[in-house]
Amino acid sequence: MTHLLEVENLEVKFALRFGDLTAIDDISFYLDKKEKLGIVGESGAGKSVTGFAIINLLSKPGYIAGGRIRFEGREINRLSAEALRQIRGNRISMIFQDPMMTLNPVLTIGTQMVETVQAHRRIGKAEARELALEKLRKVYIPSPEKRLDQYPHEMSGGMRQRIVIAIALLTDPALIIADEPTTALDVTIQAGIMELLTELCETEAMGLILITHDLAVVSQVTERIAVMYAGRIIETGYTTDIVTHPRHPYTIGLINSLPGTRQAGSRLEQIPGMMPNLTAIPEGCAFHPRCFLAADQCRRHRPELTAVSGGRHWAACHRLDQTLGHNHLHR
Amino acid sequence: MRGWQRFKKSYFFYSFRRDPVALTSFTIFFFLVLVSLFAPAIAPHNPYDTSTIDVMDAELPPSWMDGGEERFWLGTDIQGRDLYSTMLYGLRTSVAIGIGAVLFQGILGIVVGLTAGYVGGRVDSLLMRVADIQFSIPYLIVAIITSAIFQLAFGLGRFEQLAMPLLIVIIGISEWPKYARTVRASVLGEKQKEYVEAARVIGLNPARIMYRHILPNTLTPVLVISTIQVAQAVMSEAALSFLGLGMPVTKPSLGSLIKAGFQYVFSGSWWISTFPGILLVTFTLVVILFGDWLRDVLNPKLYKG
Amino acid sequence: MPNSTTPLLSIRHLVKHFDISGSLLDQLTLEKGRLRRRRTTVKAVNDVSFEIRRGETLSVVGESGCGKSTLARTVIGLYPPNRGEVVYEDRRIDHLSARQMLPFRRKMQMIFQDPYASLNPRMTVARTLEEPVVFHNPGISAAAAAEKVADVMRQVGVDPKWADRYPHEFSGGQRQRISIARALMVDPEFIVADEPVSALDVSIQAQILNLLMDAQEQRGLTYLFITHDLSVVRHISTRVAVMYLGTLCELAPAASIFSHPRHPYTQALLSAIPRLGEQRSQHIRLKGEVPTPIHLPTGCVFHGRCRYADARCREEVPVATALGPDALVACHRVAEGKL
Chain W
1 MTHLLEVENL
11 EVKFALRFGD
21 LTAIDDISFY
31 LDKKEKLGIV
41 GESGAGKSVT
51 GFAIINLLSK
61 PGYIAGGRIR
71 FEGREINRLS
81 AEALRQIRGN
91 RISMIFQDPM
101 MTLNPVLTIG
111 TQMVETVQAH
121 RRIGKAEARE
131 LALEKLRKVY
141 IPSPEKRLDQ
151 YPHEMSGGMR
161 QRIVIAIALL
171 TDPALIIADE
181 PTTALDVTIQ
191 AGIMELLTEL
201 CETEAMGLIL
211 ITHDLAVVSQ
221 VTERIAVMYA
231 GRIIETGYTT
241 DIVTHPRHPY
251 TIGLINSLPG
261 TRQAGSRLEQ
271 IPGMMPNLTA
281 IPEGCAFHPR
291 CFLAADQCRR
301 HRPELTAVSG
311 GRHWAACHRL
321 DQTLGHNHLH
331 R
Chain A
1 MRGWQRFKKS
11 YFFYSFRRDP
21 VALTSFTIFF
31 FLVLVSLFAP
41 AIAPHNPYDT
51 STIDVMDAEL
61 PPSWMDGGEE
71 RFWLGTDIQG
81 RDLYSTMLYG
91 LRTSVAIGIG
101 AVLFQGILGI
111 VVGLTAGYVG
121 GRVDSLLMRV
131 ADIQFSIPYL
141 IVAIITSAIF
151 QLAFGLGRFE
161 QLAMPLLIVI
171 IGISEWPKYA
181 RTVRASVLGE
191 KQKEYVEAAR
201 VIGLNPARIM
211 YRHILPNTLT
221 PVLVISTIQV
231 AQAVMSEAAL
241 SFLGLGMPVT
251 KPSLGSLIKA
261 GFQYVFSGSW
271 WISTFPGILL
281 VTFTLVVILF
291 GDWLRDVLNP
301 KLYKG
Chain E
1 MPNSTTPLLS
11 IRHLVKHFDI
21 SGSLLDQLTL
31 EKGRLRRRRT
41 TVKAVNDVSF
51 EIRRGETLSV
61 VGESGCGKST
71 LARTVIGLYP
81 PNRGEVVYED
91 RRIDHLSARQ
101 MLPFRRKMQM
111 IFQDPYASLN
121 PRMTVARTLE
131 EPVVFHNPGI
141 SAAAAAEKVA
151 DVMRQVGVDP
161 KWADRYPHEF
171 SGGQRQRISI
181 ARALMVDPEF
191 IVADEPVSAL
201 DVSIQAQILN
211 LLMDAQEQRG
221 LTYLFITHDL
231 SVVRHISTRV
241 AVMYLGTLCE
251 LAPAASIFSH
261 PRHPYTQALL
271 SAIPRLGEQR
281 SQHIRLKGEV
291 PTPIHLPTGC
301 VFHGRCRYAD
311 ARCREEVPVA
321 TALGPDALVA
331 CHRVAEGKL
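Chains as they are written, first to last, in the numbering used here: chain W, 1 to 331; chain A, 1 to 305; chain E, 1 to 339.
Keep in mind the hints are simulated off the structure, nothing from the lab.
Values in this document were obtained by computation on a predicted structure and should not be read as measured data.
Just so it is clear, CB atoms sit at the ideal spot from N, CA and C, and this is done for glycine as well.
Each statement offered as a hint is correct.
The calculated EDC-like cross-link candidates involving lysine to aspartate or glutamate, where the alpha carbons are at most 16 Å apart (straight line), are: (1) W:K34 x W:E204; (2) A:K251 x A:D49; (3) A:K9 x E:E169; (4) A:K193 x E:D114; (5) E:K148 x E:D159; (6) E:K287 x W:E195; (7) W:K125 x W:E115; (8) A:K193 x E:E195; (9) W:K138 x W:E199; (10) W:K60 x W:D20; (11) W:K34 x W:D172; (12) W:K138 x W:E202; (13) A:K191 x E:D114; (14) W:K33 x W:E72; (15) A:K191 x A:D124.
Which chain W residues face chain E? A few, computed with CB under 10 Å, are given here: (16) V187; (17) G253; (18) I255; (19) G260; (20) Q263; (21) R267.
To list a few chain A residues with every Cβ distance to chain E over 12 Å, as calculated: (22) F13; (23) T24; (24) E59; (25) P62; (26) I228; (27) K251; (28) Y264; (29) F266; (30) T282; (31) L285.
Chain W on its own, in the form it takes in the complex (with noise of 0.2 Å):
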């Protein structure tokens, strides 16, 4: 069975003056219809980075430097810039953080799902306005024939982040990449947005990508979680799996650090350090500096992926008979 989309070992490297950097190290995933998938980590762990080399709009130093990027069968790295537009947008629609950075601001909402419509299908602007209006009520958004006509600082930061992911509906497409779609947002806003996307999922058939620094957020979202840390993903499974069963230290670290998973008011627990810079990823295990389960193999030698459950779970770690337990959620 073919995946809507495969990632197979990508990596994405910086050119710089003092040489390139390894921005994405070898990592692979997939994601089927209807699915969501979440890509989770902090910020230097190269999330951001791996959704934007799936539509290959990486700026400008960056560049895919290996692996392969499979979406609806075809090889979508190797395609021509031309053929990509084709995809880009289309097939595949991004939303972003900060909805001004889909919007315009000096163009109405109406004008600018026209031109999203035309850019890609030959039909007539009353056409064009009659689909935008439908997508608008797709996601919600009271009395849409007024919207229309507003400009988009006449409209709250939800109101924005409802219509850019009503313009990304216009093409009907197969994958919806979203990048920290609600940190902006307030977290009565941000519940609303992380609903719609979920039933869009399900009513248009769409894959989605969600990345995220937010643990809790995806675990409420998303069946499967990737964890990245420096560049790899370290940890991988099922949503449930990896929340209650955190097998690789440093996702363990990241759940335990959680206010609210402990007593209020007690010491919360604490990764030690911090991401490493990518220009310094330490030798072996990245995470080695920061792990308290860390042993001489792990400052030796790169940990790959292994599976840790029937399939389902694999983690990125030699001291895995050491990580059961440390979960306080389910201790």
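Following the hints, put chains A and E in place on chain W, whose structure we already have.
Same frame as chain W, but now just chains A and E:
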């Protein structure tokens, strides 16, 4: 020493070394400034010393031409001064006026811009309206009127002595609003930042917050416009001198040299105007090119991190 | 043991409005042939009163635009209030001159949200940290000041040998430590923390929260903690104040507000917190959007979005009333005992 090490590793120095235009223009600029600084030591003659000037030497062509003399390799002007020496002294005067005027307008503009931006409200409105009015008066009119008044008031002899500071003030006065606006705009941006609020929470007084905390963070754009302003000031000085409102012929700047030679261009003595002209263009060009590069490299929108 | 009955700081009927109408020319409008002067004011904080007790952490939560940051800045004296009082111990401090305010500057400090904007990029860490000490103790020797800097740096977990570096050489978490160190330099007793961990990564967030809790324990600090992150609030607060559109909705001990929220807005807010590992529980959906603080709704500011609102809520502004020994709720329906 650590500062220098840091500088050598910086992005600024890296892009400077990599950019041939920046490297060349800065080298030429640096060379010209050095030459003008040490003009008395380098120049073979002293054009201010009337006792060494012989009218018999007037209008000699450059040494490689017919009738040229070894002593004057770029020829002589109508008073018989060595053109090469006079140009060195002229460049010195031009550069001094240029830098002096920029310092004057810079200090005035920074103080006004900083006060307007930080204090805000009515003070801001008042100061910026003054700047607008100043900006809307062409500097030529200011220059013509002021120098006319000064020439009348002090007499021609005294005016010649006062010409240089007067030019600095005239050019400085007419351009300070540029600094005031630039500084005010960056102050408005910096004022919002939390480090300023932190300084207020500590209890520091406004003057200290303005000069110790905000000012150092607004200097980058000031540096950028300063290069362009130096070129501008040198050009303004040349223009004023050319119109006879600037430096007198006895203490020539590049502008007054061009003016002095201009009437002889068609009678064959082209060199008197041409060589100072080339020097003037070279100087302003390298300053502007360097300023352009500086603006690109210091623009936070183009370079992040 | 500090006396817990006398408040360290009280806020009484605090009002802060911002005039954003611009210059006189911008204010003039033509209405029905007549020239009129119109002013636009943002009503950021409207009649808020509460007390902060010695040694506690009082958290103010709310969504963007609810006035919590304005409240913090008015309390610390960055903004003068339009009406109302800020009382420190027994002295009113909101109208003091800069000179009269100086002794209070030593007692009250502030920690900011953005670790990249809260440190002056042109000053080394040592200069940033020395400044408050030298300013408040003019006679202090250079050696004593440096000693103090090294001391506090160690306390916040930054190696003192990095004192000569500039802020850009540090990571976000380390900068936030330095920012905390600056606040601690004058040995304050009260600290306003405005979203101090919101800009940080999860693993760094835990480090900073622990540091803040340690500092509180060691120095007996009192915190006014401003944040939108409800899980952080739940973890560190003694009491929680919930704000909506510039007014106080509810104030109660942390444990009870999370287990038994009374105000309809608090209920909606708490139901929206994403919780790890819980599949989406039904959150309370609020209708409509937050109105602008320029045109406040009449009556209860929340009535337009509240599912329990009735005629009284639309007309009469609810007053925060005590419910039980330690809780305040500003809601007609709760006061009527119908919720």
